[in-house]
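There are 2 protein chains.
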Amino acid sequence: MKVTVPKRSLADTLAHVERVVPSRSSNPGLSLLRIDLRPGSIELSGSNMDIDIRARLGADVDGTSSHAVIAHVFGMVVRSLPAEDVELEFTDNELRIASGSYTTKLQLVAAASAPIVSFPDSFEGIIDASALHSALTAAKYAAAVADFQAVFRGVKLEFGEDRLRAVATDGFRLAYYDVSAQSGLRSDVIVPARSIEELIRILGDGVVKLSLSEGQLSVEHGSYALNLKLMDGSFPDYERVIPKTFPVSITLGAARLAEAVSRVSLLADKTANNRIDLFIKDGIATITAEGNFGRSQEELQVTQEGSDSEIALAYNAKYLVDALGPVTSDVKLQFSGSGSAPSMVRDLGNDSYLAMVVPLRTN
Amino acid sequence: MKVTVPKRSLADTLAHVERVVPSRSSNPGLSLLRIDLRPGSIELSGSNMDIDIRARLGADVDGTSSHAVIAHVFGMVVRSLPAEDVELEFTDNELRIASGSYTTKLQLVAAASAPIVSFPDSFEGIIDASALHSALTAAKYAAAVADFQAVFRGVKLEFGEDRLRAVATDGFRLAYYDVSAQSGLRSDVIVPARSIEELIRILGDGVVKLSLSEGQLSVEHGSYALNLKLMDGSFPDYERVIPKTFPVSITLGAARLAEAVSRVSLLADKTANNRIDLFIKDGIATITAEGNFGRSQEELQVTQEGSDSEIALAYNAKYLVDALGPVTSDVKLQFSGSGSAPSMVRDLGNDSYLAMVVPLRTN
Chain C
-4 MKVTVPKRSL ADTLAHVERV VPSRSSNPGL SLLRIDLRPG SIELSGSNMD IDIRARLGAD
56 VDGTSSHAVI AHVFGMVVRS LPAEDVELEF TDNELRIASG SYTTKLQLVA AASAPIVSFP
116 DSFEGIIDAS ALHSALTAAK YAAAVADFQA VFRGVKLEFG EDRLRAVATD GFRLAYYDVS
176 AQSGLRSDVI VPARSIEELI RILGDGVVKL SLSEGQLSVE HGSYALNLKL MDGSFPDYER
236 VIPKTFPVSI TLGAARLAEA VSRVSLLADK TANNRIDLFI KDGIATITAE GNFGRSQEEL
296 QVTQEGSDSE IALAYNAKYL VDALGPVTSD VKLQFSGSGS APSMVRDLGN DSYLAMVVPL
356 RTN
Chain Z
-4 MKVTVPKRSL ADTLAHVERV VPSRSSNPGL SLLRIDLRPG SIELSGSNMD IDIRARLGAD
56 VDGTSSHAVI AHVFGMVVRS LPAEDVELEF TDNELRIASG SYTTKLQLVA AASAPIVSFP
116 DSFEGIIDAS ALHSALTAAK YAAAVADFQA VFRGVKLEFG EDRLRAVATD GFRLAYYDVS
176 AQSGLRSDVI VPARSIEELI RILGDGVVKL SLSEGQLSVE HGSYALNLKL MDGSFPDYER
236 VIPKTFPVSI TLGAARLAEA VSRVSLLADK TANNRIDLFI KDGIATITAE GNFGRSQEEL
296 QVTQEGSDSE IALAYNAKYL VDALGPVTSD VKLQFSGSGS APSMVRDLGN DSYLAMVVPL
356 RTN
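Note that the protein sequences, when read in sequence, are chains C and Z. Under this note's numbering, the first residue of the first sequence is numbered -4, with each subsequent residue one higher. Under this note's numbering, the first residue of the second sequence is numbered -4, with each subsequent residue one higher.
It cannot be assumed that every hint is accurate.
Intra- or inter-copy, both count: the list cannot distinguish identical chains.
Simulated crosslink set (DSS-like; lysine-lysine; CA at most 25 Å straight-line) [unchecked claim]: (1) Lys(-3) - Lys327; (2) Lys204 - Lys224; (3) Lys224 - Lys327; (4) Lys100 - Lys265; (5) Lys100 - Lys313; (6) Lys327 - Lys265; (7) Lys100 - Lys276; (8) Lys265 - Lys(-3); (9) Lys(-3) - Lys224; (10) Lys224 - Lys313; (11) Lys239 - Lys2; (12) Lys239 - Lys327; (13) Lys100 - Lys204; (14) Lys327 - Lys276; (15) Lys204 - Lys(-3); (16) Lys276 - Lys313; (17) Lys224 - Lys265.
The hints are simulated quantities; they were obtained by calculation from the structure and are not laboratory data.
Use the sequences and the hints to build the structure in full.
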């Protein structure tokens, strides 16, 4: 069977699918891309066990057949093709790819060797893609990357009646982001942060269809469908640890603060949590760091509430900079006390976002 | 002593010096940057034993003193500074750096701990910087990167009466580039390819001053001075191995050929020298490769001389692509025979450049 598709759209689609399909795996079937030819379309699908992905590409197919090929080899060849169109010709055991003066023959594998992935036909929920994008992007940095209890490596999605909250924490910091959404789902689920990243990448304009079934959240958006495997375990009761009273708080430009913290932290001791110290008094925030190579300091004018007080705290510089990332304009930093009493990061231009950072113990 | 300089020019200058000075070394003195304050200028210098570098920066200095600081720490801090100007204040054991609201104090080390580097005051030779840039860039890729006899990791500079030739070979390929130059030097020297790369980076407009002394080539250009340590050993007699007669040769666009070879080689067997096969007959060049994942092929129309003959050769794809890199327009590929008889690569738009590639043995 022979089919012609534009190189650009095939290459772009494959790039998304290839990010999920492992290029090396102890289970060789997992590195396969399944190709289903259907009247009018080509479907490309694969899985890494945590995520199943399927992409659909319109094409002049007039028949039905299924094949599998090593995903990263197919992707590498398609990206290098010289002409605007690609001709794909499938035989029982070979895929012939021709473009301009170039041709190649890749070995095909029986479609049955590739992972079997299936996606729901109907979806009970819907959400705006750009709202979902904002929520996921703003929360996911706070998830742990490794060496933590599994649930800390996930992002919790709280689907409420008229709201979706995405929340993540690694125990030392927390971030959540609320969007108004009548998603049609009423459930709390935890999705691995790595899967959330892949979901973010396919989100464009329009709506996302959602479906929850045993152990997975299924998503359809544009030409992509994903099954995201859910995590077991119970997410920490984070509302309980968010402080309510703040003797001191300051307001200033978020970018200015993030740059100053990054700069000062260059001299921080990398072996001591990349510690920077923050001292606030009389409307001046002084950031300092000290390490093997010397000492650095920056002073920023801030609007201080609780101005008769002073406060001295220490942070992991990276945690503070990460927490400031989603803040679009001015940030309000609220200090609940000294020692390791948590500090809150609020975006004065957008109350959807809230972050918490636990200061370092300093003695 | 206190001095103010523009951040931009200090950061740019440091970037060059830092590329030479190792950030880690078993000899801690080598990771130091020496800073010499002189009336009207700051001099920054360092060494990695193969290359000494000195950069001069105009500045409002009104005294003389010498210091040393860990180069990569100083560079990292300077790159992050917030304001356009930097104030540097030197005391006996601290360098205070202030820019905008930021200040830092770095530990200084006695200047005597840094490598002692000295540069000639007078130069017996001169060469145009852009001509030198062309020659070095076009030849250096053919030098070996590792696992070869030392002399193959160098670039030979042949300073003749009215010509400079830069030539490199790793035994499997060769490249040279000639420029007209009355350099004032009459000598052949071999410079490590890694040092040639650093020299290329500082070359801009204008002239380069040259001086040869015991074991080193010294270069002064703009605000930079370099001493490049020379390599011992005798360079192979490469002229002897360049074939003189070519039963077949072809002409075509160099970029078109390089792209086709790169594309076809994606399916080549990486464990078998990344082999591609070239078959020429009746004005058609057919490039093929075969590996574990399949087979690929591309056909190109070429202008063929020796058109009653056909020729079949195999190459390491990377060697062919590298050799085509400096060719600006059409390339003439000349084949001296079958088997591993060398092939020549000539730039039809520029006869300064010549490259040789030894084909792979195919049996």
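Numbered hints the structure breaks, given as an ascending list:
Hints 1, 3, 6, 8, 9, 10, 11, 13, 15 and 17 contradicted; others consistent.
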